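Colleague: Single-letter residue listing:
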Amino acid sequence: MSAIRHLRHARKPAAAGKGLKTSAMIASIAAEGQKTRSAPFGHALVELAKTRPEIVGLTADLSKYTDLHIFAHAHPDRFYQMGMAEQVLMGASAGLALEGFMPFATTYAVFAARRAYDFICLAIAEENLNVKICCALPGLTTGYGPSHQATDDLAIFRAMPNLVVIDPCDANEIEQAVPAIAAHDGPVYMRLLRGNVPIVLDGYDYKFEIGKAKLLRDGADVLFVSTGLMTMRVLEAAEALAADRVSAAVLHVSTIKPLDVETIRRECARAGRLVVVAENHTICGGLGEAVAADLTRSGVRTAFRQIALPDQFLDAGALPTLHDRYGISTSAIVASVKGWL
Amino acid sequence: MTDPRSDTPKLANMSLARRAFNIRRLAIRMGQVQGQGYLGQALGIADVLAVSYFHALTYRPEDPYWEGRDRFLMSNGHYAIALYSALIEAGVIGEDELETYGSDDSRLPMSGMASYTPGMEISGGSLGQGLTIAVGMALGLKRKKSSAKVYILFSDGELDEGATWEAAMQATHKKLDNLIAIVDVNNQQADGPAKEISAIEPIAPKFEAFGWFAQRVDGNDLDALVEAYDVARSDPQPRPRIVIADTKMCKGVPFLEARDKSHFINIAPAEWQQAIDILDAGRPA
Chain U
321 MSAIRHLRHA RKPAAAGKGL KTSAMIASIA AEGQKTRSAP FGHALVELAK
371 TRPEIVGLTA DLSKYTDLHI FAHAHPDRFY QMGMAEQVLM GASAGLALEG
421 FMPFATTYAV FAARRAYDFI CLAIAEENLN VKICCALPGL TTGYGPSHQA
471 TDDLAIFRAM PNLVVIDPCD ANEIEQAVPA IAAHDGPVYM RLLRGNVPIV
521 LDGYDYKFEI GKAKLLRDGA DVLFVSTGLM TMRVLEAAEA LAADRVSAAV
571 LHVSTIKPLD VETIRRECAR AGRLVVVAEN HTICGGLGEA VAADLTRSGV
621 RTAFRQIALP DQFLDAGALP TLHDRYGIST SAIVASVKGW L
Chain L
3 MTDPRSDTPK LANMSLARRA FNIRRLAIRM GQVQGQGYLG QALGIADVLA
53 VSYFHALTYR PEDPYWEGRD RFLMSNGHYA IALYSALIEA GVIGEDELET
103 YGSDDSRLPM SGMASYTPGM EISGGSLGQG LTIAVGMALG LKRKKSSAKV
153 YILFSDGELD EGATWEAAMQ ATHKKLDNLI AIVDVNNQQA DGPAKEISAI
203 EPIAPKFEAF GWFAQRVDGN DLDALVEAYD VARSDPQPRP RIVIADTKMC
253 KGVPFLEARD KSHFINIAPA EWQQAIDILD AGRPA
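Residue numbers (our numbering), protein chains in the order written: chain U, 321 to 661; chain L, 3 to 287.
Rather than coming from a laboratory, the hints here were simulated on the basis of the structure.
In this text the structure is predicted, and so the values were computed from the model without any measurement.
Cβ atoms here follow ideal geometry from the backbone N, Cα and C, with glycine treated the same way.
Take every hint as true, because none was put in to throw you off.
Chain U is faced by these chain L residues, among others (derived, beta-carbon under 7 Å):
#1 A116
#2 S125
#3 S128
#4 Q131
#5 V137
#6 G138
#7 L141
#8 G142
#9 A165
#10 A169
Construct the complete structure from the given sequences, taking the supplied hints into account.
Modeller: Below you can see the structure in the form of structure tokens.
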């Protein structure tokens with residue numbers, strides 16, 4: 321008993337005073353001054369729904385926090401509030417899909433991955449139903465601590481047959497992904513960035529395609545293989561490294577499953593580059609391990625490192641603090657890569 | 003607008019007692035193939051299935067996914083042997099197929115799955131999921147302005163599952179008067195009597211408190227079941243309905259009824275034919 325008590329009270333009181341950073345829920349992961357667009361998922365879904373009458377939207381008491389409220393206001397008769405009940409959210413989505421509708425079901429990534437897993441697996445994925453599960457707060461995008469930090473969702477959903485898994489980088493990609501996942505006949509899990517979402521890919525003539533990795537930037541010394549918002553970070557890191565005469569390429573892999581192994585193998589096989597896989601996810605079971613396993617299976621030999629969250633329950637706190645602490649801020653990435661070269 | 007369901011051909015005129023008898027007999031024959039199966043549940047629920055498929059439901063046996071059909075969902079996937087029997091009796095599945103029950107590549111696996119069997123609307127088996135899916139289907143039918151209904155069978159053990167109550171609350175909130183649940187109360191779940199495992203009772207007042215129209219009947223009394231289904235279907239209030247059916251495990255085969263109650267009844271090889279003979283002796287008209 322004493323050991324348990326000790327663990328519970330291991331934290332010491334923080335020093336009070338001015339300049340403390342907040343861990344309050346934030347509406348955006350954008351840096352100050354960064355270009356953003358508001359609620360890209362909600363607006364893209366409203367637009368798509370005009371020509372796809374089978375689209376319906378469901379949420380488990382989180383429409384405002386997944387940008388689905390935009391859809392609810394535009395199409396109130398096509399919006400279903402399921403209450404704070406993720407299991408019936410997913411089961412009812414399956415039922416609506418069985419009746420020919422295309423449900424977009426939203427909640428936080430933690431609740432979909434952990435609480436509603438069995439319903440997504442058996443009611444939706446096993447029957448290959450046309451349900452699009454779109455979830456906010458992926459990885460470490462909230463300072464609320466482990467109850468809200470979906471550090472394990474990619475690993476959990478990557479193991480589910482039939483499910484397409486998408487981790488978009490920015491507003492541009494979310495806007496393109498919404499019609500693309502609707503055009504895909506089958507279940508999809510997509511991580512959502514919500515609120516004021518950074519615009520990153522506008523300058524890259526980027527075209528989102530399910531199952532396609534895209535080279536955003538070429539380079540001779542380092543190949544970043546990245547997903548989700550970490551692509552934003554490694555693009556910044558690549559710029560910073562260039563100032564130090566380190567030439568870094570960025571391969572953006574927004575579809576975690578099915579993985580574009582052809583492109584990944586080809587890029588990783590290029591001689592003389594350090595491969596660094598970067599993801600907003602635990603080091604266990606996400607993109608990094610997927611790439612490592614495929615390279616091993618296919619006989620591609622390369623120097624390999626991972627930028628990922630540690631295999632721990634993460635701290636509560638302010639996001640910039642936590643991103644530095646766990647090595648996924650731009651400056652932390654630059655420091656790690658320099659140390660590895 | 004005319005109801006597209008009104009031209010449904012009437013099924014052959016046969017007594018519900020005979021239908022229930024046939025369902026029981028088919029279930030025993032299927033269990034005999036593997037020398038095992040959830041026969042206790044199948045014999046207990048045969049009367050509910052007879053009333054469902056030969057009194058309440060509108061469907062086309064030759065077209066199990068006909069859009070105008072009433073949906074019959076089975077959440078308790080291990081009751082598959084009973085539903086296969088009803089589907090054979092209804093003409094959805096051929097009788098010859100029962101010889102494949104539980105065998106490799108059969109369309110009749112031991113636990114019911116939608117992707118395997120014609121007429122199996124959902125994959126049951128992860129207990130507590132069925133009512134959540136039924137809520138979605140009922141919402142979907144309302145969106146389509148269909149007059150079809152969703153019937154959902156689940157077991158008393160599934161009342162332990164929280165999702166059942168999430169769904170029960172939403173069904174009321176969404177005024178799903180096209181949803182009719184049937185809960186099989188045989189007081190038997192994997193680890194023992196359901197009522198000793200969790201405080202599932204009183205079931206009817208619980209559902210009433212959740213806003214449902216609830217009736218409790220003897221689930222092995224065909225007349226009582228017919229009346230309960232009729233009353234459930236004609237309730238004028240915009241609310242979901244439930245028929246709580248108290249059933250007897252192994253009903254219809256007295257030597258099995260008398261056996262120590264168990265989730266999975268063990269039956270010796272010679273007893274399968276004995277069960278059929280006893281059943282046959284009481285064949286109804």
